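Undergrad: As given, the protein sequences belong to chains A and B, one line each in that order.
Per the numbering used here, the very first residue in the first sequence carries number 109; after that it's consecutive.
Per the numbering used here, the very first residue in the second sequence carries number 109; after that it's consecutive.
Hints may be right or wrong, so weigh each one.
Unchecked claim - Straight line, CA to CA, 27 Å or less: simulated DSS-like cross-link-like pairs of lysine-lysine:
id : chain 1 : residue 1 : chain 2 : residue 2
1  : B       : Lys311    : A       : Lys282
2  : A       : Lys174    : B       : Lys282
3  : B       : Lys303    : A       : Lys263
4  : B       : Lys311    : A       : Lys263
5  : A       : Lys303    : B       : Lys171
6  : A       : Lys253    : B       : Lys204
7  : A       : Lys263    : B       : Lys204
8  : B       : Lys252    : A       : Lys303
9  : A       : Lys252    : B       : Lys313
10 : B       : Lys252    : B       : Lys207
11 : A       : Lys303    : B       : Lys263
12 : A       : Lys282    : B       : Lys313
13 : A       : Lys115    : B       : Lys252
14 : B       : Lys253    : A       : Lys220
15 : B       : Lys263    : A       : Lys282
16 : B       : Lys204    : A       : Lys313
17 : B       : Lys311    : A       : Lys115
18 : A       : Lys263    : B       : Lys171
19 : B       : Lys193    : B       : Lys171
20 : A       : Lys231    : B       : Lys311
21 : A       : Lys282    : B       : Lys193
22 : B       : Lys115    : B       : Lys253
23 : B       : Lys115    : A       : Lys313
24 : A       : Lys313    : B       : Lys171
25 : A       : Lys311    : B       : Lys282
26 : A       : Lys263    : B       : Lys253
27 : A       : Lys311    : B       : Lys311
28 : B       : Lys313    : A       : Lys253
29 : B       : Lys193    : A       : Lys313
30 : A       : Lys115    : B       : Lys303
31 : B       : Lys303    : A       : Lys313
Calculated from the structure, these hints are not laboratory results.
As the structure is a prediction and not an experimental result, all values here were calculated from the model.
2 protein chains.
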Amino acid sequence: MTEKNSKPNITASLSPSLLQLYDVSSSIVVIIDVLRATSTIAAALYNGAKSIIPVDSVADCIKLGKQMDVITAGERDGQIAEGLKYGNTPFQYTPKFIKGKTLVLTTTNGTKLLHMALTEGAKGIITASFCNISAVCDYLVREKKNVILACAGWKDRLNIEDTLLAGAIINRVKDHFYQNCDSCQISESLYMLAKDDLFNFMKEKNASHYHRLMGFDLEEDIRYCLTEDNANILCLYDGGRLIAG
Amino acid sequence: MTEKNSKPNITASLSPSLLQLYDVSSSIVVIIDVLRATSTIAAALYNGAKSIIPVDSVADCIKLGKQMDVITAGERDGQIAEGLKYGNTPFQYTPKFIKGKTLVLTTTNGTKLLHMALTEGAKGIITASFCNISAVCDYLVREKKNVILACAGWKDRLNIEDTLLAGAIINRVKDHFYQNCDSCQISESLYMLAKDDLFNFMKEKNASHYHRLMGFDLEEDIRYCLTEDNANILCLYDGGRLIAG
């Protein structure tokens, strides 16, 4: 444990159901949805998307698509949602496809969690993935504010990949924060076990979401989403949109 | 993952806030509150207590104490609750003190969780600690029913010690159950890291509850609660009371 008074606090909320236990209004909330929302967000902004509007229902996504010149995309249960044209695979959002465009995105877990953080009055919101982990860590260290690592999980259950990313972030930034949080310790311990080969760890542990996406033939998506810094850009929520920070 | 159809299901709920996500009414719920409620329960029943009535408020505990010939005990935030004579240390419940007696017990997290499981219509309820881990695992294997390992945590946050016990139970019984639960995998991974020296792991990770109890000079309590099978008895909830099974 580091000295309490000289450093900001870091905690991890491993499921959206737990977010309310933490002091959201005094913290930067880091939204984590590794497979695949926050990885796709990083890829789209890295490849030049003007902004991303996260919405929490498919209906709102379709509605915005009719009102504005945007790309509408989203998934439910790992597949493209009915009524939407594009899904939640980072490979969709190439520079050619997304540069200068606005994306309206809804996902099963990640976008809902972002709206929870907003409703609870978060001081700041960013999204994090392995794809942009360095940008995220640099930002958190620079800002010197309290941090809540908020995992989206799967329908309010914990999942391995989001816990791993929370652990990876803690492992990188812990010297700059005060930490008195068992969930942080659990996450970092898990990450230390897995870090040499995240994909293989997911496979060995038969992570539920690994299994689900492999069933849709999405191995390349999983590998992309577990690669550090392949879309290393800060994804900052500001005025209803995620923008490159 | 084992074959789905031939074996009962095992899952882990790492916080009381998550219990509602699981199918409580078709499962045996295993209440886990290592420091110290479920360890104290095991010690008291092992040492001959007639039964233990778990109640979720200090007021109810005091009220029952006036109506019946019982020992009232409980803690809030790690210390003896105001108005109650005895606390939550397993060392209190020696054979001389507890044999043939009924104990009415209320604790910060564990007894509340037990009442949640009851309200949700659990098919069966037992309490588990490292102190009675073998009796718990033998029972679960023998019963061949779905199991939810329900961790009490600390005020709805995860804690390391309850997660470790969930992992230890999974590690012992997993061949007998179907498992598709990331929380189980996270728990078992943590346990495998810690198992050679649970006390030292808690110390190294500066587990929040380790820190809290050490502040009350309760190292011996912690060591007792992390010892396998030192009060190896099945603690079965039946008709409002916990009894030796």
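Undergrad: Mind checking the alpha carbons of Lys311/B and Lys115/A for me, to see if they're no more than 27 Å apart?
TA: holds, 22 Å
Undergrad: Straight-line Cα separation of Lys231/A and Lys311/B no greater than 27 Å?
TA: This hinted pair is violated, its Cα atoms lying about 33 Å apart.
Undergrad: For the pair supplied as a hint, Lys253/A and Lys204/B, is the alpha-carbon distance within the 27 Å limit?
TA: Roughly 54 Å between the alpha carbons, so the hint for Lys253/A and Lys204/B is violated.
Undergrad: Take a quick look at whether Lys115/B and Lys253/B sit within 27 Å of each other, Cα to Cα.
TA: holds, 8 Å
Undergrad: Please verify whether Lys263/A and Lys204/B have alpha carbons no more than 27 Å apart.
TA: violated, 49 Å
Undergrad: Quick one, are Lys303/A and Lys263/B close enough, alpha carbons at most 27 Å?
TA: violated, 31 Å
Undergrad: Taken at face value, is the distance from the CA of Lys220/A to the CA of Lys253/B at most 27 Å?
TA: violated, 34 Å
Undergrad: Regarding the pair Lys263/B and Lys282/A, is the alpha-carbon distance no greater than 27 Å?
TA: holds, 24 Å
Undergrad: What's the verdict on Lys193/B and Lys171/B, does the C-alpha distance respect the 27 Å limit or exceed it?
TA: holds, 13 Å
Undergrad: Check whether the Cα positions of Lys263/A and Lys253/B lie no farther apart than 27 Å.
TA: Satisfied, since the Cα-Cα distance of roughly 24 Å is no more than 27 Å.
Undergrad: Between Lys115/B and Lys313/A, is the straight-line Cα distance small enough, at 27 Å or below?
TA: Given pair Lys115/B, Lys313/A holds - Cα atoms ~19 Å apart, limit 27 Å.
Undergrad: For a C-alpha distance cap of 27 Å, please report whether Lys311/B and Lys282/A respect it.
TA: Satisfied, since the Cα-Cα distance of roughly 18 Å is no more than 27 Å.
In this structure, the earlier hints numbered 2, 3, 4, 5, 6, 7, 8, 10, 11, 13, 14, 16, 18, 20, 21, 24, 27, 29, 30 are contradicted, and the remaining ones agree with it.
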